[in-house]
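Undergrad: So you can see what is in the structure, the chains are spelled out below.
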Amino acid sequence: MKEILRFAQNDKKADDSKNIEKKQNMSRIKVELRKDQIEKIGEICQSFNNEPGELINVLHKTQGTFGYLPAEVQEVIAKNLNVPVAKVYGVVTFYSFFTMIPKGKYPVSICTGTACYVRGAEKVLDEFKKELKIQVGETSADGKFSIACLRCVGACGLAPVVMVGEKTYGRVAPEMVKDILAEYKD
Amino acid sequence: MEKIKLTIDNKQVEVAKGTTVLKAAQQLGIDIPTLCYMHLNDLNIEHKPAGCRICVVEVDGRKNLAPSCATEAAEGMVVKTHSLRVLNARKTVMELILSDHPKDCLSCAKSGKCDLQDMAVKFGIREIPNQDIAEMSTYRKDFSPSLIRDMDKCIMCRRCETMCNDFQTVGALSAINRGFYSVVAPAFEMEIEDSPCTYCGQCVAVCPTGALTEVDHTNQLISDLANPAKTVIVQTAPAVRAALGEEFGMPAGTSVTGQMVTALRELGFDYVFDTDFAADLTIMEEGTELLDRLTRHLNGDKNVKLPILTSCCPSWVNFFEQQFTDLLDVPSTARSPQQMFGAIAKTYFADKIGVKRENLVVVSIMPCLAKKYECQRDEFKVDGNPDVDYSITTREIASLIKRANLKFEQLPNSDFDAPLGESTGAGVIFGVTGGVIEAATRTAYELHTGKTLQKVDFEELRGLGGIRHATIDFDGLPIKIGIAHGLGNARKLLEDVRSGKSEFHAIEIMACPGGCIGGGGQPLHHGNSKIIQKRFEAIYKEDAGKTIRKSHENPYIIKLYEEFLGKPMSEKAHHLLHTHYVDKSKKIIYMK
Amino acid sequence: MSDFKIHLLVCGGTGCKASESARVAENLKNEIAGQGLDDFAQVITTGCFGFCEKGPIVKIIPDNTFYTQVSPADAKEIVDEHIVKGRKVERLLYLNPENNERVSDSKGMNFYKKQLRIALRNCGIIDPENIDEYIAREGYEALGKVLSTMTPEEAIAVVKASGLRGRGGAGFPTGLKWELTRQTKSDIKYVVCNADEGDPGAFMDRSILEGDPHSVIEAMAINGYCTGASEGLVYIRAEYPLAIERLKTAIRQAREYGLLGKNIFGTNFSFDITLRYGAGAFVCGEETALIHSMEGLRGEPTLKPPFPSVEGYLKKPTNVNNIETYANIPVIFNKGPEWFASIGTEKSKGTKVFALAGKVNNVGLIEVPMGITLREVIFEIGGGIKNGKKFKAVQTGGPSGGCLTEKHLDTPIDYDNLIAAGSMMGSGGMVVMDEDDCMVDVAKYFLDFTVEESCGKCNPCRIGNKRLYELLDKITKGNGVKEDVDRLINLSNVIKDTSLCMLGGSSPNPVLATIEHFRDEYEAHIIDKRCPAGVCKALMVYSIVEENCVGCTACARACPVGAITGERKQIHIIDQALCIKCGACMDRCKFNAVIVK
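Residue numbers (our numbering), protein chains in the order written: chain L, 1 to 186; chain G, 1 to 592; chain U, 1 to 597.
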């Protein structure tokens, strides 16, 4: 009987945690795709002949169009290329270039390549995190900024290097962070 | 074939070119430990990602250690399988794996049957260095009606991924993330319940750890058995008796029907019945449906759908409800034997013994995980009360027998109870690939031709080939039959049906390798496919030993139709014994 | 190119572009047009000059004047003074830090003196978006020669004779690789260019693609002819938009000129190139992982054999070489394998491009003959250590390489010497560290990278590197115990010994190398709880120098955790148990009374 009780408790625990998970699942942002968006993804896949081997190219192009790759978009790609959506997700989560979270309007990229690191990139990164109150990979609540780390942008002469959108800032010191962000106040 | 010579642990061996170091060592009787490696020989599945690095060996002239499972033996190679360098490497890798693995072996469902645990014992692991600072990769636990995923225990051997994708082509699982947090999961780490999973349980069957296990119903069973208000009856699937003995140390292929019945009675079931009885009933319905469709087809009815597909396998039903939603009207509408049994038990039999439906608990013992899900389907409930209350696996019943201190191997034989315990040889072979269609053939032939079969053994339908086909002469009418086991093989036949290229009249499909004998709920074969072969033989031996071998000759079946159902495919039969299929393709796209 | 008297070469590499070199070029053009000098002077945007430290660079030929740190506003002066009046703009010339003299001719700059540019021969000289300029410098001559006068076997023999080894890391002989692919029988074969440069602190490949994309195209076509492939693929990092653009332009131009496509040079040989994009996975530098990535899969390596030369992309024989390897090919055919083999050391021929970075005065892209010493690279080309600090170590081979120290400064650089010294050539990253760098922290930095980039397929790499990182982290936090060093060594050796691919096979190198050369630093962290370089925050001790403290209370007010106590005009004290080592007190103190040890 004891045993039954113990197992019953386990079951209950299981049920509780299941409820929590359910909630977490619900909290995932649902993206409603419009018909024209679904068609656009279809076109992209078609431009690669719906070839499963072109998955990465398709993802690049789709992310280029939508800015990110939410679950729903991956689902449409999976259907078109006739690959399991789990496999698409497996690829998306493997490569750091692909993201399922929309980037900020002004994505801040901090180079943490070796040259930048030894010249103080870490401190610069900390300053951005402090100023924006977000972590790497996150987007600020107003959707304006996101922080990402890059591995060497190839401008080691300017280390440490920060990019905001397409604009590159060289020899950045932590004190400069406030001023850089101020440029994007609008 | 070209031969090469190599030296392993100072012993010479000659092997065919292309042989791996692991297999070459096995020829010498040298046992190299493996963890992620899996070779299901007869099924043509060889999984050797060379990821666990436990099977590494030292090869002279090579800079680093070589994974023996995936390294081809070469002429003149000198291999050391147990040098100190190798032993240190294996132990260190093992410590690494364990440093990212929960240590709750005491209450783990897999304890005692866990490859990882065995390996830890073998390597003499006594402590895990720096565990205090070691981060563990953790994931949320995922519960479904059939299986539980506890990915904290995943060691990334990825056997499940291979089974789900390469063998079953279900595609519910994939490796996701990168590096330390990589794990096998459904898309978006959604719950397995929301994925295209069919609950075939092959992932569970090959998982070396407790990461994938079945939902355990044994404790519910104990409390029901202990409840005097309940009448608890049990049905046992044909494949169970061919494998249960393995859990008690008997050799694979030992048929333990009589001892199993005794054990179940000892456990306290009020009636011990046989799913084989319901299998005979299935043949009556499905066979009749086949003949009906066939006759209409021969009469030129263009609306009739052929081939007819068997529908006994719940994982297979899930598969086509998910992935072949355009073909929902092709499979037979006959319920699976488990569900036919439940429907009859809770009507005909409940009436007979004068027990109310809600006080009758129907338990099934199945080699299968999908059956757990199947008995929860709404179609199989009356006012919320399921026809079959729950299903437990071969492994679960074995653990319960052990828990009850029954010395299984010393138990005497006994017979099933009447009336739902009587079965024919045709019912028995439901447990193996090709068996359902052979049973149907035995009946359909006689019903169609009006002649008695001289020989009931249709050897041409038997075997372990993934896709097989045969033509049976129905007295001048050639009936083309296709058989597939493994959903990947089924997909091939189904795609032909979809494109109109299929020439078959009837196709039998079972989701698991070898059919139910290789089901996800069976004793773990640990990748040894010889075990499946032995169970296969046991089933046909049991069939051959039966006095009655054709379903329509089962006296209790005849009586059931006389007393209760009328005739096959009657309205009552339709209501109780047939079902319908629904589009269950998972969609997460919300269109405006 | 020769119709003009003066050429103004403006660097269009990523580094210089980031400091507005495009506007410099624009302004120069406008000035020239405005003054009616169109027929006399021409502005050309080129690839990287290598001297990124002082970008943007404008070089004027024929006199090799090398202007550094040119701003858009300087354009007018350059045209007015240099082009019109023939007077150099002194203030923009490179200032030799050794003697404080302006250097007017780039040939006189230490940065260039010891360099020998083969792979980078056209970078900073031609307009990478103009195929004619490439052709004018013997471009596509090698392809023509190979196709019309050589059999594939003869051409492979040339590559073998040159002694060229793969520049991507492992240094496998290129000619042999081509031969193996040639020998595999198959209806379809592929040649693949690995342009997924992923080492943090390395940008050789990008500079070649940005500065001289045609050299790669030409070499791939030769490779295709030699191996029997008619399809070439370039696997390129998606993070390199400029390189991608220039490569696309170059491919288009080559097709227009019939140098790609059907029946090249009127022969039976057809060859074309398409692009595949990497998506940010360092492990895809490993050729089997790269191939899986091109197939649309997770970039996980698989066991070799089978080697790609037997079973590669889409299971067909595939030859994979990296950008720099390819960039060497055309010159080998133009100048002959003997010439190439005459450069370098016995087993490492030719030159190597390095991305020189870190604490040196002249950060940039350099190409030097094999066999040059680290001393020459760091102290002559690199101009020595920044701010007169002391040299400590140099990391070669990227995150999977090792560090070399003072005692290696005079070792000739080649594949075998670097491996013997516990490092490797890698793709050519070279990061210089000075006395202010903590070697435990450096090892931790590289392990952090490996942990992030491990594909997760095999246990030693997936879990082992994580555990290495954790041990290093523990040590830098002052919690290390003596046994940890042995544990690090054993774990490192097992990871190297058992990992599936070279990522795990080399990832512990920084740990082993730093322990070997800087064991004292590890011990300082573990036993003395002290970081000699003053990098590891947790081991710092802030204290107040009594003589300097005036009791202004500024530090106490700045302290976020209230760890500083002291009355006004009294000496203040820092409570070490509370201190979180944020350094706020030190920043605030105007009297240099707060010190850190």
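The hints are simulated quantities; they were obtained by calculation from the structure and are not laboratory data. Be a bit skeptical, because a hint or two may be false.
[What the hints assert, rightly or not] Using C-beta positions, here's what the derived DEER-type ranges look like:
| # | chain 1 | residue 1 | chain 2 | residue 2 | range |
| --- | --- | --- | --- | --- | --- |
| 1 | U | Asn268 | G | Glu2 | 53 to 61 Å |
| 2 | L | Gly137 | U | Glu523 | 47 to 55 Å |
| 3 | G | His526 | U | Ile489 | 32 to 40 Å |
| 4 | G | Gly463 | U | Ile489 | 54 to 62 Å |
| 5 | G | Asp118 | U | Ile489 | 25 to 33 Å |
Just so it is clear, CB atoms sit at the ideal spot from N, CA and C, and this is done for glycine as well.
Undergrad: Hint by hint, which ones does this structure get wrong, listed from lowest number up?
TA: 1 and 2
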